[in-house]
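K.L.:
Each chain is listed here by its residues.
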Amino acid sequence: MIISINNLHKKFGSVVAANIDSYVIGHGDMVGLVGNNGAGKTTLFRLILDLLKADEGNVTVSTQDGTLTDAAVTSTEDWKRHTGAFIDESFLIDYLTPDEYFAFLGRMYGMKKEAVSERLEHFRPFFNGEILGEKKLIRDYSMGNKQKIGIVSAMLHSPELLILDEPFNFLDPSSQAIIKHLLAAYNRETGATVLISSHNLDHTVEVCPRIALLEHGVILRDISNVNGSAKTELDTYFDAPVQAAEAAEATDRPECPEKPEKPECPETPENPETPENPETPESPENPEASASPENL
Amino acid sequence: MLKDIRRQRKLSAKRHPMYQNNKFGKYFMYFFGLFWVAYLVLFGFLLPTIFREEMPGMEPYHILNKGMWIIFILDFALRFMAQKLPASEVKPYAVLPVRKRDVIDCHLLLNGLDTYNLIWFFLLLPFGCMTLWKFFGLAGLLGFLLGYWLLIVANGYLSAICRTLINEHIVWVVVPVLVYGGMIAGMLAPWKHNLGWIGMEWGEGFIQWEPLAFLAAIAVLALLFVLCRVLQLKIVDKEIARTKSTKLKHVREYKFLDRFGEIGEFLRLEIKLLTRNKVPKVQFRTGLILMIMFSVMLAFSDVYDDNFMRYFIAIYNFSVLGVMVLSQCMMFEGNYLDGLMSRKESILSLLKAKYYLQCAICLVPLIVMIAPVIKGKLDVLDMFAAFFITTGFVFFIMFQMAVYNKSTMNLNERVMGRNSTSNWFQTLLIMGGFFLPVIVIMALNAIFPDGRVSVWITLAIGIAFTLAHPLWLRNVYKRFMKRRYTNMAGFRASRP
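Residue numbers (the numbering used here), protein chains in the order written: chain A, 1 to 296; chain B, 1 to 496.
Mixed in with the good hints, there may be bad ones.
DSS-like cross-link-like pairs, simulated, lysine-lysine; straight-line CA separation at most 25 Å [said to hold, decoys possible]: (1) B:Lys255 to A:Lys136; (2) A:Lys136 to B:Lys281; (3) A:Lys113 to B:Lys344; (4) B:Lys249 to A:Lys136; (5) B:Lys281 to A:Lys135; (6) A:Lys136 to B:Lys278; (7) A:Lys113 to B:Lys249; (8) B:Lys238 to A:Lys136; (9) B:Lys344 to B:Lys478; (10) A:Lys113 to A:Lys135; (11) B:Lys238 to B:Lys249; (12) B:Lys255 to A:Lys112; (13) B:Lys344 to B:Lys255; (14) B:Lys281 to B:Lys247; (15) B:Lys100 to B:Lys238; (16) B:Lys352 to B:Lys478; (17) B:Lys278 to B:Lys234; (18) B:Lys255 to A:Lys113; (19) A:Lys113 to A:Lys136; (20) B:Lys352 to A:Lys112; (21) A:Lys113 to B:Lys247; (22) A:Lys53 to B:Lys478; (23) A:Lys136 to B:Lys247; (24) B:Lys482 to A:Lys11; (25) A:Lys113 to B:Lys352; (26) A:Lys135 to B:Lys238; (27) B:Lys278 to A:Lys135; (28) B:Lys344 to A:Lys112; (29) B:Lys344 to A:Lys53; (30) A:Lys135 to B:Lys247; (31) B:Lys278 to B:Lys247; (32) A:Lys135 to B:Lys249; (33) B:Lys3 to B:Lys100; (34) B:Lys278 to B:Lys238; (35) B:Lys482 to A:Lys53; (36) B:Lys247 to B:Lys234; (37) A:Lys135 to B:Lys255.
These are computed hints drawn from the structure, not numbers from a lab.
Between the sequences and the hints, there should be enough to build the whole structure, so can you do that?
P.N.:
Structural data, given as structure tokens:
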């Protein structure tokens with residue numbers, strides 16, 4: 001599925017949650033959305049899923065089979081059959097057991113019972129024997145298991161577009177490893193477009209060949225991530241405030257008295273990597289920073 | 001700590017999302033409170049005269065004291081709806097360096113000192129001024145008020161004990177039934193020194209400042225405080241260390257619904273919503289009991305034999321449950337609406353499932369009302385007219401709530417009283433749902449002297465609306481979709 005974001009703006013009061021002039025995600029792209037808290041990752045997902053009204057602009061989608069071409073998500077519901085998403089707990093009907101919930105979703109997407117069971121088999125290692133056939137309501141599961149149920153519910157009908165908000169949250173290390181593998185394989189084998197957001201740079205870099213760096217609703221960078229090449233760039237960006245703070249601290253430190261027996265003061269870096277440094281990422285306020293694939 | 005907890009309790013009520021997003025609910029509660037106060041004051045002034053006229057051989061305060069138990073029963077009923085339990089408030093303090101028992105003590109103390117406990121003074125003060133002052137002066141009045149206050153505070157603790165136990169298991173409903181039922185039985189007992197007599201003597205003791213009367217009241221209060229404290233502590237410990245088995249014993253599949261496709265799936269969801277969540281379950285049960293109660297009343301009593309009341313009760317009978325449930329249409333779904341909205345037309349199927357379930361439930365009064373039909377109080381035509389006007393017109397009105405409701409309702413935590421979820425539109429539609437069909441029938445009756453004509457017209461309107469349900473449900477769905485962003489924002493903001 002192709003997703004085109006066109007002149008998309010959303011504000012909550014005075015806070016800008018989305019400010020994207022143009023951004024296109026192509027068929028089979030796997031994009032990781034990274035950014036600090038309040039960057040607008042979840043808002044962008046909600047706007048794509050038509051769960052939130054944009055102040056301006058729109059999101060259009062085109063399906064692989066050609067049934068939808070540049071259709072605005074606000075104007076039709078047809079794209080929903082091709083989409084699977086898990087943003088938060090409000091996607092789960094928590095008074096059902098996981099089996100009931102998957103059966104319910106299966107029927108919503110026109111899947112037969114056998115097809116649902118077969119699909120769930122695929123996720124058995126991810127469930128780790130804690131979810132299926134347990135006769136337990138979703139609300140009584142741990143956060144980690146709820147997360148697993150949510151992720152699988154989004155992938156159940158093999159959607160052409162998969163959107164997962166913070167899929168690694170609450171998962172134990174083994175499950176994180178499994179889900180990384182599952183997502184990469186899903187994208188590779190089905191050619192589905194996959195969008196995930198995460199605070200965990202390592203996981204995102206490991207899984208996503210394309211990474212969008214989002215701050216204050218603006219896509220600052222659209223990074224091609226070949227063999228983890230984006231890691232350095234992202235590390236530099238996210239470390240910048242720490243380095244700036246350290247530099248400022250070093251500058252403020254009083255000079256050492258000249259006493260030979262004492263060790264020398266650490267040298268204040270001459271050119272600390274602050275946001276002003278041209279080597280460091282652009283500040284969110286910089287409108288030039290808004291990126292599109294053409295800028296790559 | 002007492003001061004901090006008091007402030008936090010106030011903020012907790014004030015900043016509850018439902019309270020913040022619902023100005024109408026807030027003003028409705030103020031209005032209801034004022035109405036209740038006015039009622040109490042009115043009775044405070046009226047009762048002395050009524051008592052003097054009805055029982056000239058006794059002083060009015062003796063009669064009131066004899067019936068003090070009725071005040072406690074009413075007080076219990078009011079508290080049951082609104083009061084918060086200390087145990088549910090203690091969890092946030094569990095890991096702080098304060099003792100749990102101190103926090104519980106603070107909550108219990110604040111419950112005791114709550115100004116709500118003074119609400120009965122709106123009745124007792126004018127009553128006391130009119131009946132006690134001339135005999136006992138200010139001292140007598142103060143003793144009377146102080147004594148009642150002690151007993152009302154004690155009643156508050158008793159009410160908290162009952163509610164805590166009922167929250168644990170419904171079987172504990174036997175405690176208030178025995179205690180308060182015992183009060184009524186004790187008052188009506190044929191022997192001389194029954195509970196009424198005890199009340200009269202006790203009240204007289206307060207007025208006369210007899211130490212024994214106050215000691216007894218303080219002893220009851222202290223005993224109930226201690227009992228309540230022990231119980232709350234146990235519940236808190238149980239809650240914190242809960243390793244409950246959350247597995248269901250039996251998972252019902254309702255396989256017969258498979259044949260109805262997507263709507264069948266949503267019907268299954270509706271049934272599970274009503275059976276697996278505390279708030280909808282209680283609401284459904286209450287509606288069902290009311291429904292059966294009215295059918296039985298219509299069948300076996302002469303209370304509702306005039307034309308207006310007969311029609312009203314017949315329609316009320318069919319629609320009470322539907323109105324209760326549908327006035328909150330989509331509010332429970334607000335908990336998981338984002339998930340539903342990310343699937344095509346799922347809301348339309350959900351609305352259809354809700355409609356069919358409510359229609360199916362209407363078969364219950366249809367069966368129960370066979371009794372008044374057999375007894376000749378209602379004929380078959382009346383019954384079917386009421387049935388179809390409900391499934392058609394009343395439900396048509398109530399389904400409009402799906403478009404306008406935008407607050408999420410907690411599925412398992414009852415938030416009442418100060419945190420009411422009602423809004424003016426909801427109230428208006430409920431009134432419309434109940435009264436409009438009756439007004440139409442009465443108007444038709446006035447126009448056509450032959451009563452049968454109006455019933456036939458009502459039946460025709462009902463059938464027309466019922467048959468047209470796919471149209472108006474789609475219209476509701478389309479309007480819901482138009483308002484979806486506003487509604488979803490509201491549901492998100494009020495989600496617990």
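K.L.:
Next, verify each hint and record whether it holds.
P.N.:
Status of the hints after comparison with the structure:
A hinted pair counts as satisfied when its Cα atoms are at most 25 Å apart, and B:Lys255 with A:Lys136 qualifies at roughly 19 Å. Proximity of A:Lys136 to B:Lys281 is assessed by CA-CA distance (about 19 Å); at most 25 Å being required, the pair is judged to hold. For a cut-off of 25 Å, the pair hint linking A:Lys113 to B:Lys344 stands: about 20 Å separates their Cα positions. Our distance criterion of 25 Å between C-alpha atoms is met by B:Lys249 and A:Lys136, whose separation comes to about 9 Å.
Note on B:Lys281 and A:Lys135: the hinted pairing holds, with a Cα-Cα distance of about 20 Å set against a maximum of 25 Å. With a C-alpha separation of about 16 Å, the suggested pair A:Lys136 and B:Lys278 falls inside the 25 Å cut-off, and the hint holds. Distance check on the hinted pair: A:Lys113 and B:Lys249 sit about 23 Å apart at the alpha-carbon level, within 25 Å; holds. In summary, the hint linking B:Lys238 to A:Lys136 is supported, as the alpha carbons are separated by about 21 Å, within the 25 Å threshold.
For the hint pairing B:Lys344 with B:Lys478, the CA-to-CA distance comes to about 13 Å; that is within 25 Å, so the pair holds. With a C-alpha separation of about 18 Å, the suggested pair A:Lys113 and A:Lys135 falls inside the 25 Å cut-off, and the hint holds. Simply put, B:Lys238 and B:Lys249 have alpha-carbon atoms about 22 Å apart, close enough for the 25 Å limit, and the pair holds. In summary, the hint linking B:Lys255 to A:Lys112 is supported, as the alpha carbons are separated by about 14 Å, within the 25 Å threshold.
Using a Cα cut-off of 25 Å, the hinted pair B:Lys344 and B:Lys255 holds, with the two alpha carbons roughly 24 Å apart. Proximity of B:Lys281 to B:Lys247 is assessed by CA-CA distance (about 19 Å); at most 25 Å being required, the pair is judged to hold. Distance check on the hinted pair: B:Lys100 and B:Lys238 sit about 13 Å apart at the alpha-carbon level, within 25 Å; holds. The straight-line distance between the Cα atoms of B:Lys352 and B:Lys478 is roughly 13 Å, inside the 25 Å bound, and the hint therefore holds.
For the suggested pair B:Lys278 and B:Lys234, the alpha carbons sit about 22 Å apart, so the restraint of at most 25 Å is met. For the proposed pair B:Lys255 and A:Lys113, the alpha carbon gap of about 13 Å is at most 25 Å, so the pair holds. Of the supplied pair hints, the one linking A:Lys113 and A:Lys136 holds, its CA atoms being roughly 20 Å apart against a limit of 25 Å. The straight-line distance between the Cα atoms of B:Lys352 and A:Lys112 is roughly 22 Å, inside the 25 Å bound, and the hint therefore holds.
Restraint check: the Cα-Cα separation between A:Lys113 and B:Lys247 comes to about 23 Å, which is no more than 25 Å; the hinted pair holds. Taking the CA atoms of A:Lys53 and B:Lys478, the gap is about 17 Å. The hint holds against a cut of 25 Å. Restraint check for A:Lys136 and B:Lys247: the C-alpha separation of about 5 Å stays at or below 25 Å, so the hint holds. Taking the CA atoms of B:Lys482 and A:Lys11, the gap is about 20 Å. The hint holds against a cut of 25 Å.
With a C-alpha separation of about 23 Å, the suggested pair A:Lys113 and B:Lys352 falls inside the 25 Å cut-off, and the hint holds. A C-alpha spacing of about 23 Å is found between A:Lys135 and B:Lys238, which places the hinted pair at or below 25 Å, so the restraint holds. The straight-line distance between the Cα atoms of B:Lys278 and A:Lys135 is roughly 19 Å, inside the 25 Å bound, and the hint therefore holds. The suggested pairing of B:Lys344 with A:Lys112 holds, with an alpha-carbon distance near 18 Å, which does not exceed 25 Å.
Proposed proximity of B:Lys344 and A:Lys53 is supported: the alpha carbons are some 18 Å apart, at most 25 Å. Of the pairs offered as hints, the one joining A:Lys135 and B:Lys247 holds, with about 5 Å between alpha carbons and a cut-off of 25 Å not exceeded. Of the pairs offered as hints, the one joining B:Lys278 and B:Lys247 holds, with about 17 Å between alpha carbons and a cut-off of 25 Å not exceeded. For a cut-off of 25 Å, the pair hint linking A:Lys135 to B:Lys249 stands: about 8 Å separates their Cα positions.
Straight-line distance between C-alpha atoms of B:Lys3 and B:Lys100 comes to about 16 Å, which keeps the hinted pair within the 25 Å bound. Using a Cα cut-off of 25 Å, the hinted pair B:Lys278 and B:Lys238 holds, with the two alpha carbons roughly 19 Å apart. Restraint check for B:Lys482 and A:Lys53: satisfied, since their Cα atoms lie roughly 11 Å apart, inside the 25 Å limit. A threshold of 25 Å between alpha carbons decides the hint, and for B:Lys247 with B:Lys234 the separation of about 23 Å falls inside it, so the pair holds.
For the proposed pair A:Lys135 and B:Lys255, the alpha carbon gap of about 17 Å is at most 25 Å, so the pair holds.
Violated hints: none; the structure is consistent with every hint.
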